[in-house]
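Could you build the full structure based on these sequences and the hints that come with them?
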Amino acid sequence: MSDAPTGESSVVLEVSGLSVHHGQLCAVEDVSFSVSRGEVLAMIGANGAGKSTLLRTIAGLHTPSGGSISFEGADISRLAPHRRFARGISLVPEGRRLFSSMTLEENLLVGTTKGARGTFTIEAIYELFPWMRERRRSRVWQFSGGEQQAVAIGRALVANPRLLLLDEVSLGLAPIVIERIYDVIPRIVAEGVTVLIVEQDVGQGLKVATRVHCLLEGRTSLTGVPGELSDADIERAYFGASLHDSERRAGGGA
Amino acid sequence: MSTRESLSSLDVRRSTHSPLITLVGSVVLVSLFSVAPWIVPAWFASILMNFFILVIMATMWNLLAGYSGMVSIGQQAFVGLGAYATLFFAIKGMSPLAAIPLAALACGVIALPVTYLLFRLRGGYFSIATWVVADTAMIIIGTVAYLGGGTGHYLPGLSNFDPVSLTHVQYLASWSVALVVVIGTYVLLRSRLGLVLASMRDNEVAARSAGAHVTSARRIVFIVAAAGCGAAGAVLAISQPFVQPGNEFSMSWTAEMLFASMIGGLGTIEGPIIGSVVYFVLFQWLGQYGAWYFIVFGSLAVGIAIWQPRGLWGALRDRFHVELLPVGHWVRERRSAK
Amino acid sequence: MTWLNIVIQGALVGGFYALFACGLSLMFGVMKVINLAHGDVAVVAGYTAVFLAPKFGVSPLWSFVVVVPVFALLGYVVQRTLIQKSIDRDPFTTLLVTFGLSVLIENLLLEVYTANGQSINIGSLIGSSFQLSSTIYISYVSLVVLGVAVAVLGALQIFLGHTKTGRLIRAVSDDREAAQLSGANYRHIFGIAAGIAFATVALAGIAYGMTTEFAPSSGVTNLIYAFEAVVVGGIGSLWGTLVGGIAIGIAQQLGEHINPEYQVLAGNLLFLVVLAVRPNGLFGKKTAPS
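Protein chains in written order, with the working numbering: chain H, 894 to 1147; chain U, 5 to 342; chain D, 166 to 455.
It is worth saying that the hints were derived from the structure and are not from the lab.
A few of these clues could be false.
[As the list claims (entries may be wrong)] With a cut-off of at most 25 Å between alpha-carbon atoms, the simulated DSS-like pairs for lysine-lysine come out as follows:
(1) D:K197 - D:K329
(2) D:K197 - D:K250
(3) D:K329 - H:K1007
(4) H:K1007 - D:K220
[Claimed, not checked] Chain H side only, calculated, beta carbon under 10 Å to chain D, not exhaustive:
(5) F978
(6) P986
(7) R989
(8) L991
(9) T1006
(10) G1011
(11) I1015
(12) Y1019
(13) R1048
(14) A1052
All residues carry an ideal CB built from backbone N, CA and C; glycine is no exception.
Structure representation (structure tokens):
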């Protein structure tokens, strides 16, 4: 199931046979994939397919019940979240999760405290999102959803990660705002950052991704390159089956 | 496997053994304890009497913390108020024994308005606030000259007993109150309230959204625990029989009830009783070396809270699958079902 | 004039309560834990200053120079071991464990040092005061303690607001998981917060020992006043705690003025009244503590 790394690009993240349980419930089951430097992998799937759990497990917030995660060749499956962060993995969590008592700039400063130095300075973030400079001393709880999302991305970027994990960045945002957020992704990739995004909005995911990985009920249902996949393939992988298949799926489902 | 199939292969029972055994065992135990002061030496009857007082308190504390998640460290407020209510009624000419239920009732009544203040706080803040309430109650009682002020007052109304029958009366008072409290708690936990408490313990938010009256359940439990501790205070006053603020409102009552229920196992009826046994075993064994028995008792409780949070009884039960006083249900797969 | 004196003496005591309480407040803010043994830590610091420091040739007056850093370290270690272990279970266990520790510390101190009052000998400084008017005297030591309290609160405010570690502490307090995703080792941050809490309450304990006598039970009584200061001032506000401490101090002085027996009672009643009419305290945030 796992994609073999191509000769020219080095594998940044390698996930093999990963399973994650929430108590009795199996959220992710035997998922394998790898991401190479400079790639944008879009993890798509319906609500509850296990995408977020997968991302959070890569960041270290859940302990896998099986399989392994390696980053730049080293096994990180057992490392605490802050150790993975130190190695260059940043997750922009679902729901932004900003530090609500702090100003915009303070949120970014927290990102730099333990992060690596590099091209993404706080100044660079202000270039990326020009509106921020003027409002850097405002408290973030007064910001709109889109603005908060931008701050969350900025907070992850100032640590100069080599792998950026984006969890549902479009959730609850207006299309125009989503557009603006997704506009910056190519500029992030241009700096050599490998990106793994989780999206419910398939169209958005396909637009920026170099590769797609679809999850269904915790398992891989499809992998491929956006241009080469038909809409029908994706639909089947996303919803599990067309309507007449539903009987069979119910029989096999965990 | 369809739902109906999976349900029919499960066996739901309250008890792990025949209720008849529990019934016969209980009758034998109750009869033995009722005649104990006539058959065991006086020193042992006196230990048993204090043991029952601790069982009452620990059972009440367990109801508060183990079943409802309220860590009160101010239960000495109600122990003290119960003792002083008894004193008050006795000074007014009532028999202290008849005053026991009235003292419990008085504590329950006082607890009601107190909950409206305390329930504004949660977790640790709730805990310290219970402490402030206890402190306040002690200071106020200490200023009432009619009840002996800070120096205390002898409990009247027991002088018509000769010394031997007085010890019997004291013993029977503490034994019968303990019996009522333990059985009452058992019945309470098997009632609808017990169900609400169980659902709160599993997931308070879910219980709330499922329409369970979480706050009223808490309030009822707090009032019952106050009444129970008040009864313990009444028995304490009778057993001494002298009432003094520094003693009846002592923080150590709360420490004892807390440690006993933690050691025995929170959230079980049997736990506080077993914890109380541990307390008196330690007391007999190390009592001559000052407060060390208490230090050992407390260390044991802290260790158990960290490493064995289900307590001694919980550990035993998990190991041997026994339950003497079941309040829940056992669900296990039926062997015959395939 | 009596009224002015009540306010002044109350404010002097209130500074001490705030110093005593700020660590309690900090630990609650960062790890959502109430350390019920907080007051006993202060008393242990007092006993350390009286009995242990002289053995190492440290004079009682300067004992805090040694005791405070030692307690910061102790706080870190206790947090990383015992308290973290109970946090890993649940908040409920933390209450049981810290209450158990409180009772244990008090009983151990009773066994070893008896219930006799102790004080930290600072020589003639203890009695020296200056006269503000014919009836109002201000003790130098009390004034210094108030000054120290304000300085500590100010330093804490600057530390939390403008240093890297301070920001991480606030980040963990706002959202533990998001802070981890920003590289914070929350257990280490918890340890630092506990270190600060232990250090400040140790300082408070020594200050207490310099102004009056203490005994094993002093920890518990002072924890109650400190807690009242926190709630009256508003949970989560450092300067609120100072105002709350002063309010409790003044209430106690007022109570004492009416009848010496009412000193503590007046503070408790103020607390209960605030809880009844303004449960979020004078400077509290809108949301109720949970």
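Now the hints, each set against the structure:
1. Between K197 (chain D) and K329 (chain D), the direct Cα distance comes to roughly 21 Å. Compliance with the 25 Å bound is thereby established for this hinted pair.
2. Proximity of K197 (chain D) to K250 (chain D) is assessed by CA-CA distance (about 14 Å); at most 25 Å being required, the pair is judged to hold.
3. Our distance criterion of 25 Å between C-alpha atoms is met by K329 (chain D) and K1007 (chain H), whose separation comes to about 9 Å.
4. At roughly 42 Å between alpha-carbon atoms, K1007 (chain H) and K220 (chain D) are farther apart than 25 Å, so this suggested pair is violated.
5. Hint status for F978 (chain H) relative to chain D: holds, with the closest Cβ pair at about 4 Å, below 10 Å.
6. Hint status for P986 (chain H): holds, given a least beta-carbon distance of 6 Å to chain D, under 10 Å.
7. A cut of 10 Å between beta carbons decides the hint on R989 (chain H): the least distance to chain D is about 9 Å, and the hint holds.
8. Of the supplied interface hints, the one on L991 (chain H) holds, with its beta-carbon coming within about 7 Å of a beta-carbon of chain D, less than 10 Å.
9. With 10 Å as the threshold, the beta carbon of T1006 (chain H) comes within range of chain D, its nearest partner Cβ sitting at about 5 Å, so the hint holds.
10. With 10 Å as the threshold, the beta carbon of G1011 (chain H) stays out of range of chain D, its nearest partner Cβ sitting at about 14 Å, so the hint is violated.
11. A distance limit of 10 Å between C-beta atoms decides the matter here; for I1015 (chain H) the minimum to chain D is near 13 Å, and the interface restraint is violated.
12. Annotation: Y1019 (chain H) was flagged as interfacial toward chain D, and the flag is violated, the nearest CB pair being 19 Å apart, outside 10 Å.
13. A hinted interface residue such as R1048 (chain H) counts as satisfied when its beta carbon comes closer than 10 Å to some beta carbon of chain D; here the least separation is about 7 Å, so the hint holds.
14. Because the smallest distance between the Cβ of A1052 (chain H) and any Cβ of chain D comes to about 7 Å, under 10 Å, the interface hint for this residue holds.
Of the numbered hints given earlier, the model fails hints 4, 10, 11 and 12; all others are met.
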